[in-house]
Every structure is written in C-alpha cells, then in structure tokens.
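A.B. asks: Given chain A's structure and the hints, the job is docking chains B, C and D onto it.
Chains as they are written, first to last, in my numbering: chain A, 10 to 113; chain B, 12 to 177; chain C, 7 to 501; chain D, 13 to 409.
These are computed hints drawn from the structure, not numbers from a lab.
In this text the structure is predicted, and so the values were computed from the model without any measurement.
Note that beta-carbon positions come from the ideal geometry of N, C-alpha and C, so glycine has one too.
According to the in silico footprint, chain A covers these stretches of chain C (three or more CB under 8 Å from chain A):
1. 158-165
2. 168-179
3. 182-191
Computed spacing ranges between beta-carbons, pair by pair:
4. C/PHE236 - D/GLY49: 57 to 65 Å
5. D/VAL323 - B/THR122: 52 to 60 Å
6. C/GLY63 - D/ARG398: 53 to 61 Å
7. C/ILE49 - D/TRP344: 25 to 33 Å
Examples of chain B residues lying across from chain C (beta carbon under 10 Å, computed):
8. LEU116
9. ARG123
10. GLY147
11. LYS148
12. LEU151
13. GLU154
14. ILE158
15. LEU161
16. ARG172
One letter stands for each residue in the lines below.
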Amino acid sequence: MNLEPGLAHYLVVSAALFALGLLGLITRRNAVQALMGVELMLNSANINLVAFNRFGTGGIDGQVFGTFVIVVAAAEVAVALALVLTLYRARRTPNLDAATSLRG
Amino acid sequence: MTASAFVFWVLATIVLGSAAVVVLSRSLINSAFALLATFAGVAGFYVLLGADFLAAVQFLVYVGGILILLVFGVMLTHRIQDLDLRAEARQLVPGLFVAAGVFALLTAVATRTPWAQGPGRELSATTADIGRAFLGKYLLPFEAASILLLVALIGAALIVRKREDA
Amino acid sequence: MDALLESLARSLPEVIVCLGLLLVVVLDAAGGSARRAIPSLSILTLLLALGAAFRDGGAPVATWSGMLAADPLSTLLRSLVLLGALLVLLAFDLGRSRELKGLGLGEFHALVLAVTFACLLLAGANDLVMVYLALEMVSIPSYVLVAYLKRDPRSNEAALKYLLFGAASSGAMLYGLSFVYGLAGTTSIPGVSAALAGGLPAASTFGLWLSALLVFAGFGFKVAAVPFHFWCPDAYEGAPTPVAAFLSVVPKTAGFAVMLRFCYEALSLQRGGPLALVEIVDWPQVLMWISVATMTLGNVAALTQTNMKRLLAYSSIAHAGYVMMGVVAMSEDGGRGVLVYLFTYVLMNLGAFGVVAAIHGADGTFDLRDYAGLHRRQPLLALAMAVFLLSLMGLPPFVGFFGKFYVFAAVIAHGPEYYWYAAVGAVNAAVAAYYYFRVMRAMVVDVEAAETPAMAVGGREALALAALAAFNLLPTLAWGRVDEWTRAAMVLLPR
Amino acid sequence: MDALLRLFSLIPGWDQNVPAWASITLAGLVAAGLCLGFMSLGPVGYVYVERKIAGFMQDRLGPMRVGPWGLLQTIADTIKLLFKEAIFPAAVHKVMFVVAPCLVVTGAFMGFAVLPFSPTWQAADLDVGAFYVIAIGSLSTVGLIMAGWASNNKYALFGAMRSAAQIVSYEIPAVMSLIVVVMIAGSLSLQAIVGEQAGGLHNWFLWKFFPLNVIAFLVFFTATLAECNRTPFDIPEAESELVAGFHTEYSGFFFAMFFLAEYTEMFVASAMAAVLFLGGFAAPIPALQTVGGFDIGPVWLIAKAWALVFVHMWLRWTLPRLRVDQLMHVAWKVLLPISLFLIVVVGGLLTWPATANGFPWDRWVGWLLSALLFVYLATTAARAWRWHARQVREAVA
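Only chain A is shown next, with the shape it has when bound in the complex (with noise of 0.2 Å):
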C-alpha cells in the first residue's frame, strides 16, 4: 500500500466522510444533528474539490468553488436553526418524528 498521499487517497477520506454524513442523516431522529450530517457531507464534497484542485489540471477554480460551498452552507444552517428552534417552541423536542401533523 502506498502511503505517500496522492490523489485517491483524499477521495477515499471524502468518501468515507460522505457515507457517515449520510448516515447520520438518515438514522438520527434529532434535527440538529441531522444537520450535522448534513455538514459532514458538504465537508467530504469540499475535500474533493481541493484535492482535484491541487492534482488536477491546476488554476484556482476547486477552491473558489470550496469557498462558495462554504458561504451557502453559513446561510443554510442559519435558516435550519431557525427551523428547528421554531418546531421546538411549538413541540418541545427538536425530534424530526415529533412533525406529524402532515400526512407524508
């Protein structure tokens, strides 16, 4: 095995990072931490950016890119919060199964 870092060992790292993102998103109740989720999974796609970024064919554009993903996810997680402390103030619980009232 090579150990020297290259190129598939960063999307590895990524991948594995987007599978628990997504993992903790399917299988948590709580909406925080559905949320964290979330981030993890914005987190590995940025990883792959940089990385094509640094191996690829050069230029700058992965990390602007990265910096975007960055800004859209402040705004997201703002908005979300918002979300989830307004469910707590009419349930009491941040849990997603406490949002019955739609027939979904």
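C.D. replies: Same frame as chain A, now just chains B, C and D:
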C-alpha cells in the same frame, strides 16, 4: 513515510474518527464537540493540499460560525440541566448498510477513475489568486452569494421572530 | 470593463430584479407608510425585468466570464420565470389572503424576488459553480417562504422537511459536481462538454455514470421528481397557497432549465448533427425511468387525495414526469417540448392554485368535499377551475394540450424503442383525467339549496382568474407565434 | 523562526550535522517556548499593573504589603492559585471540563504564531496572517461554550452563551475594520502590513486617509475589547448577575488557565491593533529602529501593545458595564454600519487615486464622506446622551 504522509494519516484518523463520533454518539453534545475535531481536521487537509486561504475560511466559518450556531441549537432546544442529551437513532442497521454501500461505490469510483491529469497546483500562496478570481472570473457568483447571505439573514430573523407584525 | 458592461447589459433582468429586491428590503426596513409601496414596487420590478428579458436579442454569448449563458434559450426561460413570478403576485390578492393575514408582506415580496433572482441565474447558469450556487439560492429562500405561516406549526414542519431533503440532495449533487470537475478538470459547462467530447478512457464511464446520477439528485429535488419528491406534498400543504403556487411553477421552470442545459450541453455531444450521447453514459435511460416513476407515482397518489393542495402537489409531480419526456427525447424537438410544456404549465397550474386560494379566502377550506355545489355558489369560479383542470388534463382547445403534444411527439419521433414510453405517458394522462374529473364532479354535485350561500370573491382575484382562464385558451388562436418563439429558442446548441 | 535558524547556523558544524527538519522543529519549539514564557509570565505583571492602576484611579495605593511597593504580591497570589486544589464539582462533565480551558488557552496562544516582532522574529509569516488571527480566535469561543456546558451550572452556561454571542457579534466589525487596513496594504500578511508602515510615525495606517482610519482603529479597538470580554463589555462575567460567568465552577490551576487566556487575548488583540494601525515593530522615528546596530523592533511592538493594554485597564476602571441589548446595539447598529461605510469609502479612495481625471477625489469626496460619518456619529452620541438623560430623569421622578 514522509512528514506529509504522516500528517495525512493523523488527520485522516482525526477526521473519520470524530465524524464517526458525530454520527454515532448517543450524546448530542458530544456530537457537537466532535464536529469541532472534524472541521479542524478538514482544515488541516486544506493546508496539506496547499489551500491556506480556504483553511482559514473553514476555521472562521465552520468553527467560528456554523459550529457555534449548532451548539446554540443544541442548547436552546434542550432543558439545559441535562448533561447527557440522548439522541436516539432509528433504523441504524439499514442505515449502516446504505452508508457502507455508498462508501464502497464512491471508493470504487475514486480509485478506478482516471481523473483529469495535469500539472496540478504547486503549493503556493492562494490568497491573491482567490481574491482576483472573486473580483474577476467569479464576480457574478461572488455578488450573488452576498444576496444569498442577505436573504438568509432576513429569512432566519423572520422565522424566529415571535412577534407577528402587520 | 467592456466585458463587464456587456455582461451587465445582457443580464438586465437579473440586475433589475436584484435592485428591486434591495429596494424592497430597504423599504421594509424603513417601515411605516413606505411599506405600502412594496407590492406595487415588486410587480413593477418584475414587469420591467420581463420587458428587459423580452428585449434581449443579442448573439448567444457567455457573459460574466463564462458564468452565465446569454442565448435564446436562457432568454425564453428567464421570460418564463419572470412571467410565473409576475402572475403569482398579480393573481393572488396577498393583502386579503386569509392565510397571510397579520403577517408582514415586506419579507414575503423580498423572498419571492430573491427566489426569482436565483431562478434567473439558474436559467442561464453555464458553470458548475453557478449551477450549485443558484440552486441553493433558489432553495434557501424557498424554505423560508414555506415556513411563512407562523401561527401554523405545519408550515414550520413542512419547511424543516423540505430543508432536510433539500440539503441532502444538494449535498449529493455537490459531490457529483465535484466528480464532474475532477473528470473534466474545469467547472465551465462548455469546458466539461469539450473534455467529454475529447473522449474519456473507458474506465471513467462508471465515474461519469455516478456523477450524473448524483447531479440528477439535485435537479430531481428541484423539479420534485421521484424519488426526490417526498417534500413536495408536505411543503405545498404547509406553505401558504400563493407560495405553493409559486414553488410549483417558478423553481420548477428553473430546475428544468438547468437540467436541460446540463443534459444537452454537458452530457451530450453534437457531432455536427443531432445530439449524441457522450461516451457510453446512457443518461436518457436513467431519466426515462425517473420520468416513468414520477408520472406514475404522482398520478396514482393524486387519486386518493382530498386536500386540494396535496392533490395539486401530486399532480405537479406527475407533470414533472411529462416534462422530463422532452429531456429524454434528446432532440431539438424534445427541448422545445420542455419549453412549451413549461409555458403552458405556468398558465394552467397558477390558475388552479388561484382558484384554490380564492375558495380558501372565501370559505377557509382546502378540502375537496367542501367544493360541492361550487357551480351554484360561484359559477364563474367553477368555470375557471374547469378550464384549468381541462387544460391540466391536456384536452385540445386548451394550452395544456400543446405541452403534452410536443413532448409526446418528440418522444415518438425518437424511434420505436420509445413507443412504450409514450404509451405509459398516455395511460398516465388517462389516470390523471380521472382525478381532475373527480374535482369537477365535486364542483357540480348539487347540494341542498340551503347549504349553498353565494361565495364572495374579491374583484381583483376574479379578474386575475378570468384573465388566466382566457390565457389558457387564447394562445391556441395564435399558436404559430408560440411555436416560432420556442423554435428560435432551441437554436442554442451550435458551439 | 528565520532568526532562530540563522542563530543555529552560527554554531559551528550545525548545518552539517543537524538535518533540516530537526533544526526547523527545534526552531519552532524554541519560538513556541519563548512565546509561552512571555505569555505565562505576562499576567504576573499585568495583574500587578492592573491592581495598581485600579488603586490609583480609586485614590488608593493598591497592593503594598508583599515586597517593595507590593511588587511580589501577584507572585504570591500566583503561587497560591497554582497550589490550590482544582475542584471538580460532582455534576460536571469531566472530559469537557478539562478540555475547555485547554481550548481557550490554545486559541489565545496560537495567535502568537503570526505576530511579527521584527522582520525576522516571527514564528510564521503566513500569507493569510491577519485572517488567521481572527479565525483561530474561534477556538476560544468554542472553548468558552464547552466550559459553560461542562460546568453544569446555569450561571456558567448563561455566561458562556452570552460570551459566545458577544464574540461572534463583535467579530464582524473587527474583521470589517481589519479589511480597511488589508485593502490599503494589499496583503493579509502581517509582515507586509507592517512593511507598508515603515519609515516613521507619519506612515502609520492610523493617519492614512485622515480621519477615516482613526475611526477604523477605534472600531477595531472597541470590537477587540468586546471580544476579550473586557469592561465595558464584560457582561458574560457580570458578577452581579451571573456570579463569575463561564468560569464559575473553575478553581486552582484551571481557573488560572482562563485567567492566562484572557490576558493573552488582551495582549494579542492589542498587538494586532498595533500591527494594523500603529506601525507594529516599526519605530515612530526611523532613527530609533536600531540601537547599537541591533534591531529593537520587538521592543517597539511590545511597547505599543502594552500601551493599548493599559488603555484596556484604564477603561475597565472608568466605564460602567453595558446591558446586553445595548451591547448588541453597539455591535450591529453602530460599529457595523461605520465599518461597512469605511470599507466603501476607503475602497473608493484607493480605486480612484487622488488626482484621477484631474479631480482631487480624496480631498472632496473623502472629506465630504468623512463629514457625513461624523454627523452620523455625533447624532448617535447625542441620541445616546438624550436617552441617558431621560433615563436619569425617569429614575429621579
């Protein structure tokens, strides 16, 4: 094993280990603080990949912003005296299978695919380049992102505001 | 500097909407009597932007250093987006809405303009960065709009579900986009296309497949395609009706815009003639199955709904399946089918939601069973609803027919191997007819005269609905213009 | 680190016998050790000075008993503190209770890594230096929240949450006013920022676009004051409301760590202000830069930083504490608009040079906008004064 390889494996262990804690821990607050290690580890990856500016952004926004927001979210949605906040999981076993499948699939793609080859970006300072990109090639997304932040600010304030004003 | 000025000139609609948005925010913050100007200001903004979008007729170029494409396709799609947003603001009497009573309207208009702005960007997005950013810019204000009803916890829950689904699918899409970037070494869509046209080693097929699938997750979420549709009925039910109407047309149009551009430009090759598949990745096959599943599931689920908003939500899912037929056809005609369908869908779906909102405004109900005797209580409303439903069904004199006609024709023209696909579509249309007729039957069912007080509908709403009903018929008379318009729009592909 | 490496190579045979990675590691460790020593011994002096200043301002003597003029008082106190038992209340979350102060200290200490003491005395000249200092401060915030949470005490938790909210809010005006300097210098590297200000007092960024940068400096200083949780922004540890804030449950060595972190943050923030606006290690008069051929840049930087630390202390004993809503008001409605305004104006002045198109932009536009800014500040101050007067009247009535 060179120094960078050593750092890589240490970081990979930190990132994946803490991410596993984030996802699997039964205590919500442990998850939240494990996320700190994940974010910091990812920032370490960025440094290792020569993206110093992005690493600083990651630290500033993820650790200084998003993580603190999430911790606030945890604290505000629980009775604060409970030290161990239980967060139950549902369908953990099927979830594990799905995640393992996704991981296998992505790993297969990651290792088998011949990615675009090129000279790569040598490890050099990126701040000036990123600044030029923001105000040059990426001017439109840069400005659009500011609109996005404004709207998210308005929206979040609107949602949590208790008072219904006419 | 000249490039910047040209970009600004070609993006005049975006600039106008953006300035309007900022002005609305400022006026809302100023408070007092300034707030009363907001509704007219946003309508004026959209009108101006629509005018600017119509006037844009320059040569197809990539503006903003390749971020946006200013070509006839984006012009037409931007016009559709603006038309949808404008009709939402005109057709719904927000000030008198029962749902929105007591909630400030300043933020509402700001958010609608923000979504519209993002949809305009999405309609022309020509770079993966722009695709991702614009898609999220559509999503985030949409979550807030769904959560607008503060007194109703369902609104908040719907928004939370919408957000979690959205975050998951956009995360998946981002991962796919990062793979595309890794494969092509560039984020620009023409660049991706060029890289793929250069011929990739066979080993990358699997990677490309997976990337395409992941990217489709994001697009599928925006257009509410199965299996990314779960948010849709909940979000429509929890959201205020005008928001549901808005979400069902404007972001959907933008979602199809980006899907069309990504599929036809990045994932297809044009070797001097008709579109060809890139390498061995048979994405139309994937989209076809998604499309079949979407229309079937949407229609079947709609059969048993009694809440009108949920019914229209499932119907809108089914319609997404039809629109996708045009993308799957992978031809110029298919692309035109998508455009025509989207155009007609704006007119008919907004009308249907408008009637639902009007009835809720008068009676406070979304339940289909309460529609009984509508033809007696408010004959004009019933008539308008009948027009919209027949149009949604796809019956000939109404515009809805043309949408279906174009996409089915495009699919059939593709060759015998798609005949069964068209047949599935046709069966689905028949199933859909059943539940649309169910609504109509409910409206004309007679109930005791004592239970049928006349229903009061605001003058503005009546006018808007009458106009929309007329628009469901009128274009038929001058179809040549519409046909020509869409034909001109699909000349984008020479690169 | 460069200086250390050069020192090492002065040792005969060093370059031949010691591998490069070893000398780099050693240099890094020595640099870190120097900073750590500076940082951990600093508070001994600061506390003495602070108590003396407090005494003088309140017309008393301050510590006088231990040693001449009480000089040994803080040393005695420190020894007492360090030998005190670190109490772990029964209900605390053990791991986080210990990790939290470490995080806070780490966050404060890591700022030292980029502080330029002289062209060569700098641990690392990062390309993102100024940004790094701000980013690394987030670690302290997370540590504070962790401390508040782990203490399992509502006063601690409220203190921590207030503190986090305050730091996050004030970070924005701090970064915005920092951007003003970054725009002028055209670099985020602290070395480059200081380099632009070399050559005497008149080159300091404080005077650039007078009086715009003075305002930027005041905004930055105020914001960092709040970020250090110092009076008048010390609500997170308001004794009358919250006992001692997030460190209520801490005692002994762990309490000392929070103490250390607070004084270190104070020093780093003041040194950053000195670097950004007061020329950093550059002497006010070029002739004073070297003494006997030896660069005394570090002395200048430390002197400037200490002068600002003195202002911190001075303010503490002069101004009353703000209320939470007033605190947020200051951050979002006063400092943030001012700093945004400054960015626009300074950016404009930089883009259109003084005589572009034969028009003296800086003189006309710059002064006009500055006048507007002053009008805004004056009206804000007048409003605050009127409000205060009304409060007093109502209290009397």
